[in-house]
Amino acid sequence: MQHTGPRAPDRPWAKAFFATIFSTFLAALLWALFMGNGSAVLAATPGTATAAAAPGLAAPASTANSAATSAATSANTSATTSAPISGPTAALAIEPAAPTGVSQRIYERARPQLVQIRTLLKTQDSQSSVGSGFLVDDAGHLVTNYHVISQFALQPSRHRLVYATVDGRQGALQLLAFDVVHDLALLKPVDPAPLAGRGFVALRPAAEPLPRGARIFSLGNPLDVGFAVAEGSYNGPVERSFLETLFFGGSLSAGMSGGPALDEQGRLVGVNVAARRDGEQVSFLVPAAQVRTLIERGRGAEPINTPAWAEITRQLLAHEAVLTQRFISQPWRNAGHPRYAIPVPQEVFMRCWGRGSPQTARGLQFERSDCEMDSRIFITGALRTGFLTVRHEAYDGSKLGALRFAERYSASFRNELMGRDDRQRTAPRCVEAQVSSGALPLKAVICLRAYKKLEGLHDLAVLVATLDGTQQGVQGRLDAYGVSAASAQRLAQHYLDGFAWNAPKTASP
Amino acid sequence: MERPEDRVALIEWLDRDGHVQRSVDVAAWPLSLGRALDNTVVLDDPHVAAHHARVETDASGRLQLQALPSRNGVKLDGKPVTTTALLPAAGALLQLGTTRLRLRLRTEIRSEARAADATPAVPESLAPEKPLPDDTAGGLRAPLLAGLGVLLLALANQWVTLDPGADYTAWLPTLLGVPLALAVWCGFWALLSKLFQHRFDFAGHLRIALPWLLVMALVSTLWPQLAAALALPRMSQAGGLVNTLLTALLLHAHLRHTLPQHRRAVTTVVAAVVIAGIGLQSALTWRRHDSLVAMPYMSTLPMPALRLSGTVPSAELVQDMAPLAGQLAARVAQASKDEEEGVGEDEPGE
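Protein chains in written order, with my numbering: chain X, 1 to 509; chain V, 1001 to 1350.
Derived by calculation from the structure, the hints in this document are not laboratory data. Hints may contain errors.
[Claimed, not checked] Simulated coverage check for chain V against chain X, where a stretch passes if three residues somewhere in it have a Cβ under 8 angstroms from a Cβ of chain X:
(1) 1283–1293
(2) 1306–1320
[Said to hold, decoys possible] Computed far set for chain X versus chain V, every beta-carbon distance over 10 angstroms:
(3) D191
(4) P194
(5) P205
(6) P237
(7) E239
(8) E296
(9) Q315
(10) P331
(11) W332
(12) R333
(13) F413
(14) V435
Just so we're clear, the structure is a prediction, and the values are computed from it rather than from any experiment. Quick reminder that beta carbons are idealized off the backbone N, C-alpha and C, glycines included.
Can you make the complete structure from the sequences, with help from the hints?
Right, here's the structure in full:
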């Protein structure tokens, strides 16, 4: 799959032949080049590259400006907001510039309950991640995003959590509970005294749904510049999302993660969590209902002081069980192919994009469909999981002839990444066979990778190619990230069962 | 020498490659060797003593080599001689300083030879006459046919990768590249031959390269198709190894042709390099991919007409994946064990 147009001729023996000549003649030259490259790479890795490479979570940078740039460059479709940087709590400067009377009132009322949450490196006292948070009860419990405190949750021995209020009070925090699936965390100050008597942000009752277009106000400390209020509109839940997420028509910046989004009465609608960088004012909130659940679950809990991998795994397994069940219970859609039934998922919690080769192309014609889930679960800055993707490509080689089609069809099947051993996951283990699904002969490859820290979770890849056509065929791929072995088997079977002959229309008339 | 029958021996100076540079006749024993002008044979070598060695007949009439006092000594057929040593009847290789001499002795017994009426006795030790190296031996037809095959296969491969109606310039890389690469390749080996054998043996190397290249081209084209047709993933995985071995055999053939005196050494070295290379490659692949091959599945799809093996129900394949989770869990356990052991080293650096 992923046909990429004309390719270089693929002749291993010729390659070996040229390679041998090259290596014999130019070994010294190549070696010199290689050495040159090596040193160049080492020289060109200063801090800015690191900042850009870590979306969402903060990276140690120098100024708020560069932090903004790095956040903007790194953010892609679903980069979470949360982030950077040093600087004292210079919040008071914002007050005079309140945009409306309501917004001013909201900010005044929420000000005492608003905090910045900092994750500090224990040894250096320098911040490695900054987000926002807010008080949710009189006992001093605070809510923020899981991704704001993920470094602490995974390596509590090397980090510590600190809050800073708008009026400059600071203190240590404990992590009581988190909901990795909905990206929420419940915290508590070690010394409740400085946060006592400040009131708390009330949750908007579930019985009072907010109308679309209602004004809401998101609070937080964007990019560590200072506490701010961002006004926007409430646009209801995000469509085709597996996890309920609210669409906030306003601006969220890195560092506002974990801050509250309030209605005009100052009650919590949702928690700032993410923003799309490829649009304008497309931001996302975790609904208040999830906050309520977390508070009830975590209020009396013991502080978490050991790496939370086991708990994360437990929550992810619960999530993947529901996801798998819901996915399998949906019937496949028909892709509308004249010859084959191709499994395409319902667009209930997935979104599909289609693409075709230009009609004028002389070579292989194809039509492509990519279906993905928007909801991806943040584990660390380098790991998101808990989602599915399904895609296929239908090839038509009638302009090519059988031999040329066979070459391209195989090349397309080869052009698939299965991953290799890395920090997060093992190398894949695969099984393959020629199988039949509804009498349709298929080549099927099933690969499984295991997560190294999330024991019991796997990445599944099922690769399928139809084998009957001399000049046409379909190749499909299902990927499931973060599923149990049992779910992987069910998903693989479900996907394979989606392939069949289409009802032979030519026979009936 | 005007009277060959008076020649009792011949001394030949050998260069590094064993070729004779010059020779002198020996008419009578004893023979003295050294740098001084009063020697029978004067050796112009600073590593030779003034009087370095003597060859003389002993009491029983046999020839013996006597080493005279010298710093660098004398070697007879590679072995140092301290005092005296008998010379083999057929002759011997002598080394004095850096000078290498071959002593060819007249082996037939003189009295008998004279009695036998001038029938020239051929010494048994003389090797039979060697035929001239014939550059057209075996003809050039077979190699040329192989070359044509290679070019045709390359063009066929090119045809398959081009879309119909492609510009004719797209053929040029193959059409020019294959003969050019071949010429560079054989030229390189011919230069090596020139270095070691003093002959630019382009045709000889061409004759070696072409059949091997044809075999390699055929194998690399047909092997994956065959593996796909038979649905044998293991066979497909072995394809890389087969290609490596064929390349090694090609190199081996070239090296043997370049260094014909060192055939055993060439074989040993090539075998050692191949084994070491495959071992290293496998180790690296194993590290990254947890398998001996980088490609985790067989990527060549069989053409419908060539699909010889049948299908199984999909449930059977899904059943096959059941053991994977257990194998992966073992890998994870191994990885976390490795990490725990590595913690002490990593922590301060991070």
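**OP:** Just double-check P331/X for me: nearest Cβ-Cβ distance to chain V has to come out over 10 angstroms.
**Re:** 17 angstroms, holds
**OP:** Take a quick look at W332/X and tell me if its Cβ sits farther than 10 angstroms from every Cβ on chain V, holds or violated.
**Re:** 14 angstroms, holds
Original post:
Would you say the segment 1283–1293 of chain V counts as covered by chain X, given the rule of at least 3 residues with C-beta under 8 angstroms?
Top reply: holds (count 5)
Original post:
Would you say F413/X is clear of chain V, with no C-beta pair closer than or equal to 10 angstroms?
Top reply: 5 angstroms, violated
**OP:** Mind verifying the non-interface call on P205/X? Its CB should be farther than 10 angstroms from each CB in chain V.
**Re:** 44 angstroms, holds
Subject >> Assertion that E296/X lies farther than 10 angstroms from chain V (Cβ) >> reply: About 34 angstroms separates E296/X from the closest Cβ of chain V, which puts it past 10 angstroms; holds.
Original post:
Does R333/X sit more than 10 angstroms from chain V, CB to CB?
Top reply: 20 angstroms, holds
Subject >> Distal placement of D191/X relative to chain V, Cβ over 10 angstroms >> reply: 30 angstroms, holds
Subject >> Claimed clearance of chain V by V435/X, with the beta carbon kept past 10 angstroms >> reply: At about 4 angstroms from chain V, V435/X fails to clear the 10 angstroms cut-off, so the statement is violated.
Subject >> Claimed coverage, the segment 1306–1320 of chain V by chain X - three or more beta carbons nearer than 8 angstroms >> reply: Holds, because 12 residues of the segment 1306–1320 of chain V bring their Cβ atoms closer than 8 angstroms to Cβ atoms of chain X.
Original post:
Is the nearest CB of chain V more than 10 angstroms from the CB of P237/X?
Top reply: Answer for P237/X: holds, closest chain V Cβ roughly 35 angstroms.
**OP:** Confirm or reject the statement that P194/X sits farther than 10 angstroms, beta carbon to beta carbon, from all of chain V.
**Re:** Since the minimum Cβ distance to chain V is about 33 angstroms, P194/X lies beyond 10 angstroms and the statement holds.
Violated hints for the displayed structure, listed by number in ascending order: 13, 14.
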